[in-house]
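**Q** Both chains come to you apart, so use the hints to assemble them.
Keeping their order, the protein sequence lines are chains A and B.
In terms of the numbering used here, the first sequence opens at residue 1 and continues consecutively.
In terms of the numbering used here, the second sequence opens at residue 1 and continues consecutively.
Possibly wrong hints are sitting among the right ones.
Partial chain B-side listing against chain A, Cβ under 7 Å, derived [claimed, not checked]:
(1) 17
(2) 21
(3) 22
(4) 25
(5) 29
(6) 37
(7) 41
(8) 66
(9) 67
(10) 77
(11) 90
(12) 91
(13) 98
(14) 141
(15) 158
(16) 161
If you're looking for bench data, these hints aren't it; they were derived computationally from the structure.
By construction, the Cβ of each residue, glycine as well, lies at the ideal position given by its N, Cα and C atoms.
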Amino acid sequence: MGKTLSEKILTSKSGGEARAGDIVIVQVDLAFVQDGTGPLAVRVFESSGFQQVANPNGTALFLDHAAPSPARELSNDHILLRNFARRTGVRLYEVGDGVCHQLVAESLAGPGEVIVGADSHTVTAGGLAAFATGMGSTDIAMAMALGKTWLRVPETFRIEVSGTFQRSVAAKDLILYLIGLIGADGATYKALEFGGETVDRMAMPDRLTIANMAIEAGAKVGLFPSDETTRQYLGTMGREDKYLQLAADPGAVYERTVGIDASTLEPQVSCPHTVDNTATAAQLKGTRVQQAFIGTCTNGRVEDMAIAAAILKGRKRHPDTRLIIAPASRDALQKAIAAGHIQVLLEAGAILDPAGCAACVGIHQGVLGDGEACISTANRNFHGRMGNPDSYIYLASPATAAASAITGEITDPREFL
Amino acid sequence: MILKGKVYKLGDDISTDHIIPGRWFHLRSNLPELAKHVLEDVAPDFASTVKPGDFLVAGKNFGLGSSREHAPLVIKMAGISAIVVESAARIFFRNAINLGVPVLMCDTSRIMHGEELEIDLAGGVIDSPARPGERITFGRIPEVMLRILDEGGLVPYISKYGDFKL
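So here's chain B without its partners, still in its complex pose (with noise of 0.2 Å):
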């Protein structure tokens, strides 16, 4: 699958806090108010400007600090549709794909706030239309998390399957 959209760059080391910050915290069970607060701390404008479809691309340990499963939540429901990063931190990496976001990781420098991108899902590979033979090629997700992935989520993919399967 090809997912096309618009970067919306962020650097290094975003927590959880940034994502969705604590204050924040008794708005949790009403998940609409909730994503209103997204990302505010550290880039104001990026719920009103992010369309769906479009990419959300960091730097390194992108989504450390809580468990907070509703911080790749808040993201999924501002319209992303890949978070794409230097390195992700490891219970986000897993919320994110639990809800069906994939979560790539590859050399992000050269990619710009704002351009358009193409990302081969199943080829591995993320191209800029803007600069042609730029290809830049992200890891492998692990065989488990991609069929989660295929299904969709956590949910959906236990419904199907009654259990995990390895």
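With the rest of the complex left out, here is chain A (with noise of 0.2 Å):
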């Protein structure tokens, strides 16, 4: 029989055979913790007697989600994180370096291994085809102690995509339309994979948005196979070393399967507050925004700036709505300047935040002020999420949210490119 690529990747990290509802104990290739979670998995793993981490070089902390930070008590978290990595010899990354999860992308990630990381969006390196699935301090207090965690083996979600994307319409218009079809749980504990035509010729950043997302179908895993993009993608970040082809084989066994055609997607936006909350730009056309938001782990990317860059050219922001630009790594940052998009961004009107999660968990650099809506490219749309009980948060596209900025409403990008 068949295997899925959680079984096969979960098998050969257990030693062991792995089936979907088996319990395996893994060894863990990467363990990471950020700045909100990580001070309780320090204190953890201290208090219950650790000195020595099982694989410092498997190990990182990231400073991201307080970067800099706005408050005395995040900074003294962030000096508790530094000695941590000092005293131990893990990887540090600091303020300004970027998400966690586009650090890993960028310089951790391989096909085949396992990666868990107390964050839920730990799900992205799935794009590169590792099994990365979040847990919370404690799980990842033991993992960095003894190099390996239990998992659970899940069942499997085959999303079989096919077709080519309309004008102005991308992976995280898919991933948006999925979970609105599936529903925020519907696919809780399974893993989601993701193959077809449109898969195999898609880029390695839509592919890590698109993974970065299983988690608001409630999955543990979203998986992409590895080909030659990702050897591509590896050899960019220089290291071509870790790759390793890995694909479902042709016989594995499938709980559901689902079919998208690419090609009748239309802009979508999920509306508060959750993910599955979705409809099209267009269905909402005269939704006030006071803030549009482009970055974050899942569309921070350089190409993602580019795109909003494409429909901000020679335009201006509404007088009515913020622009804010947050890159989701110094690489980012750096690539979005050299190709002139960050100049056209500002002259734009644009706000540019520091490479980090900047407005999308409610600490500061754009926390929404009351009855305030924000169209933001984040992942989540939550009661509270930035900040406020009382706004409003609108999820979509970088080329939704560029478009939106402009007329100061929710707006489909195709009226703009």
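**A** Have a look at this one:
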């Protein structure tokens, strides 16, 4: 009987046969925390009597959520994490380096690896065919200490994508549409495995965008096969040696198969306050937005900045709409500067936030006022997510966010490009 | 073991941002202060009315969202002895068990806010003395998680066994 991607990776990492439903103990290739979950993980690690991590090279700390820190308490959390890194020799990514998931994709993850992170969007590295999943601080503290963790091998939903996207429709629209279709708990405990001709042709940034949001359907992991696109991406990032070709077996057993024809998709928007509350951008015409936010681990890559810049070139943001740009990493920021995108966005009236989580988590750099609405390229629109329970978050692609910044209301980007 | 307590009932899709909003991010290293804000946007009287041993009962997809373990932690700190839900998000479920808080999944539609319940953890049943004969059965927790729960959480479990045991 053939295996799904999850079964293949977990078989390899557990040293035994891993089938859906089995509980396995796996070797962990990378365990990481960020500044919101790291301090608790460090305290659990130390109070459990551990002094050294099992694999310093495969352990990373990221200062990305509060970056730079807006409060004394968070600055002190950063000190705690820096001191832990110094003591144990683990990797530390500083304030301004970028969002953990983007940095994992750029510089750490490889196909076939098991990656566990104390952040729900750890699933992003599934775009590189890594079995990457989010856990809490205690689980990660133990994974750091022991170099392993336990996992239940998930059943898999196969998402088969065919057809070519229409102009100004892209990966973000596809994943929002899928979540609207199956529901915010539609894939709870399951693996999503993406395949089909459209996926075979899909560029790495788009794969990362889709994998990033697997958790928004409740999934444990969102996996792509690894192929020439993966090899080239790893090569660009200087670690082609990590490449390993991985695909599901032809006879793999899927709990459910969902077919999507990309050519029929329109620009999608998730309305407040759940990600599965989707509509088309056109249907929401007339919905005023006081802020447009383009960034995050979902859509803060240089390719996203390029899309926003193409729409905003020679245009201005609406006078009543703030436009906030936050590249997902230092690399993305530098590439966006070199390509001229940042200049275009600044001329259009944008505010440039540091590389990091920025306004996404409601801590700083774009907290909404009472009754305000934001169109955001992030992955989550929960009640209160951006720091104010009396505000509204609409999730969309960079193209839709950029078009909406111009008009001051939710706008189908095909009106501009 | 039979747990007895009163129900605090919530609805569907209670996210980790509801349980402990991101705007209190800076209090995560000050747990007693953080815990004061548990569920404040959806249930402002939760922290002040819940007594040690009480149950949090909710609908589907409880705890969706972030991996923040602070979410089940502040619920535990409020005194909740078990979380009874229609369904729970994966990371929240695992986090709660790691903290020694049982998460039981069953049909919660008939459970009322404020009612007294008796939960038989080993027997897998929930009884309400006010409604004799209306027994609710909850789904089995996987063996590996039961052993973690038995030890009171993942930290005491690892302290005892030194490793994961299947």
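**Q** All the hints need checking, so say for each whether the structure fits it.
**A** Checked hints:
A hinted interface residue such as residue 17(B) counts as satisfied when its beta carbon comes closer than 7 Å to some beta carbon of chain A; here the least separation is about 4 Å, so the hint holds. Using the Cβ-Cβ criterion of 7 Å, the hint placing residue 21(B) at the interface with chain A is satisfied: the shortest such distance is roughly 5 Å. With a cut of 7 Å, the hint placing residue 22(B) at the interface with chain A holds, because the nearest CB-to-CB distance is about 4 Å. Annotation: residue 25(B) was flagged as interfacial toward chain A, and the flag holds, the nearest CB pair being 5 Å apart, inside 7 Å.
Contact between residue 29(B) and chain A, as hinted, is supported at the beta carbon level, the nearest pair being about 5 Å apart and thus within 7 Å. Because the closest C-beta pair between residue 37(B) and chain A is about 11 Å apart, greater than 7 Å, the hint is violated. The interface hint given for residue 41(B) is met, as the beta carbon of that residue sits about 4 Å from the closest beta carbon of chain A, less than 7 Å. At its closest, the beta carbon of residue 66(B) sits 5 Å from a beta carbon of chain A; the interface hint therefore holds under the 7 Å criterion.
With a cut of 7 Å, the hint placing residue 67(B) at the interface with chain A holds, because the nearest CB-to-CB distance is about 4 Å. For the restraint placing residue 77(B) at the interface with chain A, the shortest Cβ-Cβ distance is roughly 13 Å, beyond the 7 Å limit, so the hint is violated. Taking 7 Å as the C-beta contact cut-off toward chain A, the hint placing residue 90(B) at the interface holds, the least distance being around 5 Å. The interface hint given for residue 91(B) is met, as the beta carbon of that residue sits about 5 Å from the closest beta carbon of chain A, less than 7 Å.
Annotation: residue 98(B) was flagged as interfacial toward chain A, and the flag holds, the nearest CB pair being 5 Å apart, inside 7 Å. For residue 141(B), the interface hint is violated, since its Cβ never comes within 7 Å of a Cβ in chain A; the closest pair sits about 12 Å apart. Among the interface hints, the one on residue 158(B) holds; its C-beta lies about 6 Å from the nearest C-beta in chain A, closer than the 7 Å criterion. Among the interface hints, the one on residue 161(B) is violated; its C-beta lies about 11 Å from the nearest C-beta in chain A, farther than the 7 Å criterion.
The structure fails hints 6, 10, 14 and 16 (numbered hints given earlier, in ascending order).
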